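Fit chain A to the given chain R structure using the hints.
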Amino acid sequence: GAVVSQHPSRVICKSGTSVKIECRSLDFQATTMFWYRQFPKQSLMLMATSNEGSKATYEQGVEKDKFLINHASLTLSTLTVTSAHPEDSSFYICSAREPQVPKTQYFGPGTRLLVL
Amino acid sequence: GESVGLHLPTLSVQEGDNSIINCAYSNSASDYFIWYKQESGKGPQFIIDIRSNMDKRQGQRVTVLLNKTVKHLSLQIAATQPGDSAVYFCAERENDYKLSFGAGTTVTVRA
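Going down the list, the sequences are from chains R and A.
If you're matching positions, the first sequence starts at 28 in my numbering and goes up one per residue.
If you're matching positions, the second sequence starts at 198 in my numbering and goes up one per residue.
Bound-form chain R, shown alone:
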């Protein structure tokens, strides 16, 4: 299957700082990428849909000013957690959708964020 990379895999930061997570589709161009958050022993929660060249679409309850998403190219989307707090600690996973039918969605390896 297609490969999606994510960087960093793990980050520890102090409360109040901002953290940027990168998501890249390595072998296909993705006009649409997704950002998810996952709590322990739970399913994936969609945070936002990232569209290349346009503003991201956020799910209900997700603060767009706190979770900044930029999809500047067909292979790169970034998620910036601004002014991070301990409650933002979580596992963040990005996903990229292939452009050709059936537009299969592939996931990155995830980023473990710990805010102290």
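Keep in mind that a hint or two might mislead.
As the list claims (entries may be wrong) - DSS-like, lysine-lysine: derived pairs with alpha carbons at most 27 Å apart: (1) Lys239(A) with Lys47(R); (2) Lys130(R) with Lys239(A); (3) Lys41(R) with Lys265(A); (4) Lys253(A) with Lys93(R); (5) Lys295(A) with Lys82(R); (6) Lys295(A) with Lys93(R).
Keep in mind the hints are simulated off the structure, nothing from the lab.
These numbers were taken from a predicted model, which means no experiment stands behind them.
Quick look at chain A alone, frame taken from chain R:
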């Protein structure tokens, strides 16, 4: 609202036996389904997909069955191995809309 769910949250299977993981979905308009495997601390890994115009699709050691009449999806794993221990998620999608995920089934393989 409509959602994808799983019949059982956990499944314990003897190494070498076949595994069957079930998934119920409620959106009759869904036309595309995917099974993912997620190991601890990793992102979901694509296993196999199936479109609504098919009833069965086979991959390497895995088979997905789709029963649109009762809105049921299953994943069969042949000759289950220790490396198959993980959480398995089914996901559904209507047209090009976003995926809806089930709660996940934890599969544990006994040696």
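- Message: Checking each numbered hint in turn, tell me which of them this model violates, lowest number first.
- Response: 3, 4
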